[in-house]
Amino acid sequence: MLFNSLNFAFFLPIIFCLYWLINKNGLKIQNILLLAASYYFYSCWDYRFLFLLIFSTLLDYFTGLKMEDAKSLKLKRFLFWLSVTVNLGFLGVFKYYNFFAESLISSFSHFGITLHASAINVILPVGISFYTFHGLSYVIDIYKGRIKPERNFVDYSLFVSFFPLLVAGPIERATHLLPQIKQKRVFDYSKAIDGCRQILWGLFKKVIIADNCAEYANMVFNHSSNYTGSTLALGALMFTFQIYGDFSGYSDIAIGTAKLFGIDLLRNFAFPYFSRDMAEFWRRWHISLSSWFKDYLYIPLGGSKGNLWMRIRNTFIIFIVSGFWHGANWTFIIWGFLNALFIIPSIVMKTNRNNLEIVAQGRLLPSFKELMQMVSTFSLTVIAWIFFRSASIGQAFQIIGDLFNRSLFTAPHNPPRPVMLLILVVFMAVEWIGREGRYAIENVGLRWPPILRWSFYSIIIVFIGMYMQTGGSDFIYFQF
Amino acid sequence: MKKFVFRFFFFSVFCSLFYVVLILLYGTIVPASFAVNFNYFGGMGFTRQRFDEVSKIKNVDLVVAGSSHAYRGYDPRIFKKSGISMFNLGSSSQSPLQTRYVLGKYVTKLKPKLVIVDVYPVLFGVDGLESQIDLISSGLIDKDIIALSFKINNIKLYNTLLFGAFNNEFHIKKQKLSDNEGDTYIPGGYVQSFRHLQFKKTRFKQNVNISATQLEAFKAGLNELRSQQIKFVIIQAPFSRSNYASYQNNDEIDRVFSSLGEYYNFNKILNLPDSMYYDDSHLNQRGVNIYNAKLIDTLSKRGHFRRLSMNN
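Residue numbers (the UniProt record's numbering), protein chains in the order written: chain A, 1 to 480; chain B, 1 to 312.
Please note that a few of the clues may not be correct.
[Claimed, not checked] Restricting the straight-line Cα-Cα distance to at most 30 Å, the calculated cross-link-like pairs of lysine-lysine (DSS-like) are:
| # | chain 1 | residue 1 | chain 2 | residue 2 |
| --- | --- | --- | --- | --- |
| 1 | B | Lys-3 | A | Lys-28 |
| 2 | B | Lys-2 | A | Lys-182 |
| 3 | B | Lys-111 | B | Lys-231 |
| 4 | A | Lys-184 | B | Lys-2 |
| 5 | A | Lys-71 | A | Lys-182 |
| 6 | A | Lys-24 | B | Lys-3 |
| 7 | A | Lys-28 | B | Lys-109 |
| 8 | B | Lys-3 | A | Lys-191 |
| 9 | B | Lys-174 | B | Lys-205 |
| 10 | B | Lys-2 | B | Lys-111 |
| 11 | A | Lys-24 | A | Lys-294 |
| 12 | A | Lys-184 | B | Lys-3 |
| 13 | B | Lys-2 | B | Lys-58 |
| 14 | A | Lys-24 | B | Lys-58 |
| 15 | A | Lys-182 | B | Lys-3 |
| 16 | A | Lys-191 | B | Lys-2 |
[Said to hold, decoys possible] Counterexamples of contact, computed for chain B against chain A with all Cβ distances above 10 Å:
| # | residue |
| --- | --- |
| 17 | Met-1 |
| 18 | Lys-3 |
| 19 | Cys-15 |
| 20 | Ser-33 |
| 21 | Phe-38 |
| 22 | Lys-111 |
| 23 | Lys-113 |
| 24 | Ala-245 |
| 25 | Asp-251 |
Rather than coming from a laboratory, the hints here were simulated on the basis of the structure.
Because the structure is a prediction, the values reported are computed rather than measured.
Backbone N, C-alpha and C fix where the C-beta goes; we use that ideal spot for every residue, glycine too.
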């Protein structure tokens with residue numbers, strides 16, 4: 001069930017009404033309802049993978065309890081590694097088996113050795129990378145003594161499977177979400193309205209920005225060798241906006257939906273394309289994943305402590321692993337490597353924490369220096385996205401090779417409709433104006449007369465109706 | 001909670017009204033290039049004129065239904081010379097879903113003795129959106145069109161339907177009859193063109209896909225004719241050789257149509273040169289003259305038109 005589907009448009013109000021109607025019957029019933037709804041939501045993709053989700057939940061739930069009760073450190077450590085191995089094992093089998101098998105065969109073939117490995121033709125269970133990371137963070141936090149295990153199975157299951165975040169995050173932490181699940185929720189009018197507003201903006205980003213940009217990006221990336229430099233550049237630019245609209249749009253819908261149930265999820269995007277350097281970009285892009293890797297990988301590796309070479313090594317590790325997390329393809333690994341490469345100068349010069357505040361805070365326009373910084377950071381991300389979107393490393397290099405030649409200054413082939421370019425410009429302007437909020441339209445029109453504010457929201461809805469892609473499409477991050 | 005539900009309800013009402021107002025603006029003052037999921041800007045096939053005309057006609061010998069192959073391929077003047085009165089109910093990209101609709105709507109009134117159901121196999125693989133928009137923007141809005149629009153389920157259709165409903169009532173916008181230069185509407189639903197456009201002689205090899213929904217609608221339409229005891233023949237009008245040859249499963253398609261009733265594929269019966277075509281899919285007047293003569297001859301030999309003449 002997609003967030004931008006008619007099914008979800010029926011599903012959400014039904015669950016919302018039931019949820020608040022049974023409010024008087026207590027938190028327990030509400031949580032059972034949310035869990036049942038979450039399992040139904042997940043089984044709409046493929047009910048068989050629901051068993052995998054339940055198994056993963058059971059494993060981490062019981063591991064947590066047994067670790068707490070373990071009489072020796074040895075047993076605790078054994079249970080911890082058992083959980084980590086099984087969790088990562090599932091991820092490895094479903095997501096990475098074919099990649100490793102193919103890479104091995106390819107490597108041996110260079111030496112004239114032919115290996116035969118049967119590829120497992122399985123569908124990747126949607127959301128497996130996300131709920132596995134939920135479970136892992138829970139087990140690690142218990143092992144490290146940061147939290148106590150949750151004894152209520154329903155509450156723990158809901159933490160793993162809460163439907164707004166189940167298939168594409170944000171990747172939650174037990175320390176943040178579990179206390180909210182255990183706390184009695186009271187209907188908050190402002191929060192519910194805020195949730196609706198965030199859902200609306202998320203839908204706009206997904207349905208108008210991402211899906212329309214996808215049309216052009218797909219045309220270019222699917223036949224990249226046919227196009228000139230300017231068309232390739234425009235294709236890469238369109239993909240840059242597509243992936244932002246797609247993923248941040250999804251996150252907005254997820255966060256907004258959770259607010260309707262009185263739950264706050266972690267922020268996942270903070271206007272990353274207005275970043276002044278790559279370090280800032282990574283503090284603003286897919287924040288829940290970046291912070292997960294920081295807490296559970298970067299810091300255990302030594303983090304920013306130690307000498308310069310250690311910091312550089314840790315940075316490369318975290319970005320390459322992050323790239324690999326996205327998918328079983330060398331293109332993602334190179335994408336991670338490139339991002340590490342782009343960030344290294346700021347680590348060497350110790351400028352990686354220079355831009356912690358919002359750009360041009362309190363001002364309408366950025367300074368010339370800030371503008372140049374944003375343009376150069378944005379350009380680097382566009383180059384990195386070429387690797388992320390390409391089907392192979394060969395294709396990525398072909399695009400980059402064809403991009404930087406004289407044809408870059410010719411008219412692009414079959415450019416997008418002018419109205420779409422106009423919408424894109426307006427969208428970025430709204431994002432810029434709203435960059436001090438948690439999402440762009442959070443504060444738009446709050447002091448306007450209601451009729452004007454409602455007209456603004458209605459215009460967004462009309463635009464969705466008028467410019468949505470009728471074919472529809474999945475969210476990119478579902479494949480991860 | 002109550003406050004939220006009330007506010008949400010009132011916002012929904014406000015937003016619906018706002019939506020309608022903006023759709024009216026899109027239909028009247030916003031340039032067509034700015035309206036992506038909306039199309040009330042006029043078609044290519046004189047559909048409005050055709051359906052205006054049919055509302056004033058009763059009792060014909062022959063009705064033709066189908067896509068532009070129908071309204072560009074069957075000339076009532078030629079049939080009249082053989083003593084056969086006819087009306088052409090073709091419309092742009094008419095898929096079986098719409099063929100069923102137009103036959104259901106007009107066959108009772110026209111009381112034909114024979115129906116030619118022209119089939120262009122490619123249109124058995126489409127969702128029917130384009131044709132549905134053509135019908136709606138030609139003023140055809142009734143409960144069956146609305147039901148069919150829900151079946152096709154596309155936002156572009158709903159937007160056009162919304163504007164069409166208002167336009168039928170308040171006549172906000174006058175639609176163009178046809179964009180095509182050199183086309184002339186001939187009473188009886190036919191569109192005449194003497195032009196010959198240059199077209200590609202080589203095309204990618206492809207297969208025609210038949211969707212279950214379209215095939216089901218087609219069968220249902222034929223069954224409705226049977227239940228009214230109206231004779232029908234299924235005919236594939238000729239299109240350019242290069243276009244026809246690009247489809248690799250023509251024989252399979254022929255078998256499907258043959259299994260549904262009396263069927264003639266004129267791509268196999270006639271072999272017309274490219275100069276007889278308006279474009280790679282439609283005959284021009286020179287081609288129609290030859291095709292219609294051959295068709296009348298073929299159907300006469302099978303006894304169809306003899307029966308019609310005797311009845312007259």
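Okay, the hints, checked on the actual structure:
no., hint, in the structure
1, B:Lys-3 with A:Lys-28, "25 Å, holds"
2, B:Lys-2 with A:Lys-182, "25 Å, holds"
3, B:Lys-111 with B:Lys-231, "11 Å, holds"
4, A:Lys-184 with B:Lys-2, "19 Å, holds"
5, A:Lys-71 with A:Lys-182, "28 Å, holds"
6, A:Lys-24 with B:Lys-3, "18 Å, holds"
7, A:Lys-28 with B:Lys-109, "65 Å, violated"
8, B:Lys-3 with A:Lys-191, "13 Å, holds"
9, B:Lys-174 with B:Lys-205, "41 Å, violated"
10, B:Lys-2 with B:Lys-111, "58 Å, violated"
11, A:Lys-24 with A:Lys-294, "41 Å, violated"
12, A:Lys-184 with B:Lys-3, "21 Å, holds"
13, B:Lys-2 with B:Lys-58, "58 Å, violated"
14, A:Lys-24 with B:Lys-58, "67 Å, violated"
15, A:Lys-182 with B:Lys-3, "26 Å, holds"
16, A:Lys-191 with B:Lys-2, "14 Å, holds"
17, Met-1, "5 Å, violated"
18, Lys-3, "6 Å, violated"
19, Cys-15, "5 Å, violated"
20, Ser-33, "7 Å, violated"
21, Phe-38, "6 Å, violated"
22, Lys-111, "39 Å, holds"
23, Lys-113, "41 Å, holds"
24, Ala-245, "25 Å, holds"
25, Asp-251, "31 Å, holds"
Consistency with the previously given hints fails for numbers 7, 9, 10, 11, 13, 14, 17, 18, 19, 20, 21, ordered from lowest to highest.
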